[in-house]
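Protein chains in written order, with full-length UniProt numbering: chain D, 1 to 410; chain H, 1 to 410; chain W, 1 to 410; chain Z, 1 to 410.
If you're looking for bench data, these hints aren't it; they were derived computationally from the structure.
Which copy? The list can't say, so a pair holds if one copy fits it or any two copies do.
In silico EDC-like links for lysine to aspartate or glutamate, alpha-carbon gap of 20 Å or less:
| id | residue 1 | residue 2 |
| --- | --- | --- |
| 1 | Lys353 | Glu207 |
| 2 | Lys353 | Glu206 |
| 3 | Lys58 | Asp70 |
| 4 | Lys235 | Glu333 |
| 5 | Lys353 | Glu244 |
| 6 | Lys108 | Asp70 |
| 7 | Lys108 | Asp43 |
| 8 | Lys260 | Asp210 |
| 9 | Lys177 | Glu49 |
| 10 | Lys365 | Asp203 |
| 11 | Lys108 | Asp408 |
| 12 | Lys365 | Glu206 |
| 13 | Lys235 | Glu74 |
| 14 | Lys179 | Asp380 |
| 15 | Lys365 | Asp408 |
| 16 | Lys261 | Glu220 |
| 17 | Lys260 | Glu220 |
| 18 | Lys10 | Asp64 |
| 19 | Lys353 | Asp203 |
| 20 | Lys365 | Glu202 |
| 21 | Lys260 | Glu48 |
| 22 | Lys58 | Glu169 |
| 23 | Lys235 | Asp79 |
| 24 | Lys108 | Glu74 |
Given the structure is predicted, the values throughout are model-derived calculations rather than measurements.
Number of protein chains: 4
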Amino acid sequence: MSASAHADVKKVVLAYSGGLDTSVILKWLQVEYGCEVVTFTADLGQGEELEPARAKAKLMGIPDEHIFIDDLREEFVRDFVFPMMRANARYEGDYLLGTSIARPLISKRLIEIARETGADAIAHGATGKGNDQVRFELSAYALDPNVKVIAPWREWDLTSRTALIDFAEKHQIQVPKDKRGESPFSTDANLLHTSSEGKVLEDPWEETPDYVYSRTNNPEDAPDAPEYITIDFEKGDGVALNGEAMSPATLLAALNDLGKKHGIGRLDLVENRFVGMKSRGMYETPGGEIYARAHRGIEQITLDRGAAHLKDELMPKYAELIYNGFWFAPEREMLQAAIDHSQEKVGGTVRLKLYKGNASVVGRKSANSLYSEAHVTFEDDAGAYDQADAAGFIKLNALRLRLLAQRDRG
Amino acid sequence: MSASAHADVKKVVLAYSGGLDTSVILKWLQVEYGCEVVTFTADLGQGEELEPARAKAKLMGIPDEHIFIDDLREEFVRDFVFPMMRANARYEGDYLLGTSIARPLISKRLIEIARETGADAIAHGATGKGNDQVRFELSAYALDPNVKVIAPWREWDLTSRTALIDFAEKHQIQVPKDKRGESPFSTDANLLHTSSEGKVLEDPWEETPDYVYSRTNNPEDAPDAPEYITIDFEKGDGVALNGEAMSPATLLAALNDLGKKHGIGRLDLVENRFVGMKSRGMYETPGGEIYARAHRGIEQITLDRGAAHLKDELMPKYAELIYNGFWFAPEREMLQAAIDHSQEKVGGTVRLKLYKGNASVVGRKSANSLYSEAHVTFEDDAGAYDQADAAGFIKLNALRLRLLAQRDRG
Amino acid sequence: MSASAHADVKKVVLAYSGGLDTSVILKWLQVEYGCEVVTFTADLGQGEELEPARAKAKLMGIPDEHIFIDDLREEFVRDFVFPMMRANARYEGDYLLGTSIARPLISKRLIEIARETGADAIAHGATGKGNDQVRFELSAYALDPNVKVIAPWREWDLTSRTALIDFAEKHQIQVPKDKRGESPFSTDANLLHTSSEGKVLEDPWEETPDYVYSRTNNPEDAPDAPEYITIDFEKGDGVALNGEAMSPATLLAALNDLGKKHGIGRLDLVENRFVGMKSRGMYETPGGEIYARAHRGIEQITLDRGAAHLKDELMPKYAELIYNGFWFAPEREMLQAAIDHSQEKVGGTVRLKLYKGNASVVGRKSANSLYSEAHVTFEDDAGAYDQADAAGFIKLNALRLRLLAQRDRG
Amino acid sequence: MSASAHADVKKVVLAYSGGLDTSVILKWLQVEYGCEVVTFTADLGQGEELEPARAKAKLMGIPDEHIFIDDLREEFVRDFVFPMMRANARYEGDYLLGTSIARPLISKRLIEIARETGADAIAHGATGKGNDQVRFELSAYALDPNVKVIAPWREWDLTSRTALIDFAEKHQIQVPKDKRGESPFSTDANLLHTSSEGKVLEDPWEETPDYVYSRTNNPEDAPDAPEYITIDFEKGDGVALNGEAMSPATLLAALNDLGKKHGIGRLDLVENRFVGMKSRGMYETPGGEIYARAHRGIEQITLDRGAAHLKDELMPKYAELIYNGFWFAPEREMLQAAIDHSQEKVGGTVRLKLYKGNASVVGRKSANSLYSEAHVTFEDDAGAYDQADAAGFIKLNALRLRLLAQRDRG
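Start from the sequences, fold in the hints, and give me the full structure.
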């Protein structure tokens, strides 16, 4: 990027964690771009103190009014996680999209803060090989087509750990002892999940070492007795645990505790990145896994077959859109409109058994149930269903196959 | 059905298990239709002795040349289960289609035997409320458009247990003591799974009683130590367990033993039947669950993203076709052609950890791997990937979103 | 149907055209069911006088308060045709669903009138071989699960023309001279289209005789000079013709006049019926064909690619649902929610050239246009688009293909 | 690109038309890259003399053995156009993909020639704003992951017409008089179509001027009498015109003559490019339009409904893949496998009427027909179809809707 391009940027909002890498980025922006930096630190439930980020920002000369620390946990679960869960979204059959779903919210706040502070650019700490850069930037451009996006990892020459630490020391950025060496893997965390990838996880034949896990007990160490819980749903969203009403983030946090205890939600996956390569990740989604199973459970008795099958057919594309960063694209919104339309009557209670890695639906009931014992019973159904109808049903479904067979198998 | 319709049938091939219900059907066909009956009893791995069926058929006057008892286990797994597993098929998100996939094979043999014996009709013991009647009959019509199908449960007046037993006794059919009362639930079994439904399972809020399970240990009673296994794949199909080459049916049987031991593959589901009602079933698919996870595991490193995502998008429709009985329909064959095309290089070894209900992929390797450590590494990648490319990639993916935003959010 | 079943019906609402067939049905219901009959005659723009239907009903003893004649033209176009057109729906690539889309509205009114008049059944004149019986009845059951549906053509023994006319004469129903012989084909008409099928059209190799057409000039007889028109759209729906604001039905009627004049909208199709057979039909959809092309034209400049492609992927299923009679099914409503979400900005003006069977979009403009001459121009684009971005875009899109090639083509 | 990068290229195969632009590219490669150039000129039926390209290449010092001129017309139609037509592919509802489908074949030959001549790079003359660069390069990388691709329009500084002509004159490249000024639009042509875009076409509200068309008569100037033709199909591909057997390219050429005469196949489209912008193009696909309609016509009577509807659902994605340049991607090949599987019995004769822009199917017949007059007839069907079956068919299809209505509309 040319010097004049740098000169264009007067003020940049940085997604700032307070950690070493984004601290280096903060300083680098000040030095290389010569611009004002606004820091934005989000509490998405990652389980870290945020106030140290404020202190560090101040140390690097950021004025109070340019330091934003927001608790986004409720918005995250209510407006991003739950809508996604309504779709039963799993990427490539398994992944609950814990990292993917957080990025658009961060970008949304970056753009809002840019508007509030009159900034003309945003910056993030994602690398040039991953999906997160795409997710951050597509969301940002969708919300502000004229924003400038600075992705230092794609621009700078601090491409080795040594160079990064040299830069930090040269600019009086404190380097924690445990950051001096190479970290054995990289993580991302929020209220929905923790992901780990890189280094020790890079050989997909090697089992993930136990020390990688931070959010779940090893199932082998989980309690020997199962635990039963209930989750209540209304209009497709969870509203209570064991009969106690809870806000979205509170509910997910409580499920995380339960999932952790019982070793639920570990996933070892080799997935296909949007940028074209395969990568191996370890995901821990303790509460999300329980919630996802419960949501399918309540849909089983309250959702019509036509709606349920359409949802299943649309889901892979919906999940791909979120994975690829297209949360704010019209086609994701269209799919959401269809999905949300189906959830009006998805309410009731699901009972689950939690035991050593398993979260199994064992019961479901609902005032909106479409399940009809009168129809399905092996007993006398008092005329609810006329078995003779099945003959005609089969005959007409078979007609085209018989015409085919007459032609082809004659 | 009129007497003249009955008179049309000279010889019928009956899917005959040797149990009370199909024995009554056998006799009823002789009495009501006045026709010759050919019995067909298939070994699909349901784990029952088949010779007693021969003896019973003889007792009812069926000559030797009209008694067919076939071991179809290898054909079942090789030509039906494995092709379906290539698609990662799960109906309504979970069900591995264990009953659905067996029906077309039975119909295929019924039609073959009808041709061999000059029969003009087939008969089955499925009820008028379920999916199996549809599956049997659609397959039969697809293979022989002129066959007559007799479904006694839709025709006769033996609609209560008492009437059935009276008929049996009147015709000297032995009624086992445990069949005198009402069975507390109904089951279907083959090498892939055992399903249970009805009676005690009809309230979807009530947890399935432990005595319903026959194919799996309760996870709580499973071994306290995990067990590691490997499965080898070639062209999308399993070929070896722990390095030992096995035929399809042998492999599935061995996985069933492992799954049973570790309590794997239980599923409590409320599903949507093709005939329009919801039903609650309990499925046990011990080996199938392990196999399905392993297959996804090997695809993770050997299948291209475009192929994998297309498979995921097609899967719900493919599973629905099998569930609804359209195995021999052109659209199922078209989807199979697409799926099989993708499996050419799906080979290698998957390592799984089995533990108290969990079957987790913990490693995978392949000579055909598309996973490139060189590309994905956090370390220096020696130029395999140019991070600057990501900027252009994002810019052009974002272009339409920016044009939208310029219009809509200006 | 047993006598007792007949006795169950006290009052039935009949979809009554006033023609011979439904007059016979009216009488037959009175005679066979011994029930009160309520007649419902809808003006859907079929171009026939409706008052004669009132007179005939009276002649058969129907009291005034049981004769319903409704002008549904605006509701038909506004709430059924236009929503369907938003989806660009064409069944099997071509058919604009003119008959299919009218049936749910008729059923809706039948059920409403049944509620108003305390009737417990409805009746229609569709035969047992066609799709219309399915459409009428699925819609009726979806709106009133307990309604009884009487389909005389599936019940009675008036299966030959002679028997029907005998019945009519026996019951003093006037038989028009031109109805004495066999009609050479059968038609259905409404504001959207006229369909013709049967008899002289039954051989799909024979060209449709010219006398079958009633709604369009032969293109060879159409004016030798083209005519240019404009249609204005707002939120996905047509609102004006040549700059003159019009209601939905008025607009469609005006387009029908234009389409008739220029010989537009003839379609000779062999289609697949829901009941399993193929049939050959001739459709004339003069205004609908023009409208459909215009709608695609305005979408071209106002709809985002992601939205447009998702609509194209969903369309075949959406069209199939309407064709099969599932207008009031949840999955149709879900798709509609997605489609409608996309139409918010679909507004502007389309210019078409009408000439001897052709309706060609030749221009489109919109205040909501996403078309950017600045981006697409071959001229200097003043930096709107950086061609260098394309290199990275291609490189990352190619990455998975290169990894595949390294494995497979090495 | 750095000098050292240039130095890496020793020999490059250039897609060379012989026109001014690719002649400038040829020289520019010699000058800037200092590498050997191999020229490849394909006859894809674009209707231009190719020998002048040889002469020009020689003039610029290319030795005979490095000049490749290939007639690819039969391969183009047989292996690219016809397989695509089997899918009834139309991009965004209308576009027959005439340019898109030619690019992978050109790339395939570029890579083959690179292998034959030991070249390490290929070059093409597509600009950085269009789809063709993507199509050329994705195909090339899919066939040779290590090839270098040179796209001069993304690299050089000859970005104005003046600069280009200055360069040409400086290097003794002849500049035709009509190339001195700006061309009023840009074209691409092959046996399937001619596309025109740019300049005078850039305002989507302005009707395309008549001088833009080169492949079709104005319908207004087409013959006043219609012409009837027949096309015979075998296994989904056209094999004869009016009963005369023809090779693929010969058939398409003959249809082009007919289409031109009758003014068939003009399309004015605003489409969405893969690179993110909308563009307006004028397509002329005279023979292709006739062929596409005929193919649908023969499918109407020979393809089962399940197969036909699956094809319709898959088509938009298939067309998008071709449009975006993914011909050699696994997912396109999977879809092709499914499509080809459906075409085994797609054979017979279609009769069309050609008249002033219209190509209408008016008849179709086949030894493989699935159309059954016995089933569909309004006359007595001799028991082929039992209308009573429809009652059961409707009842079970309605069951879920009734259960819904009982819950929701009670």
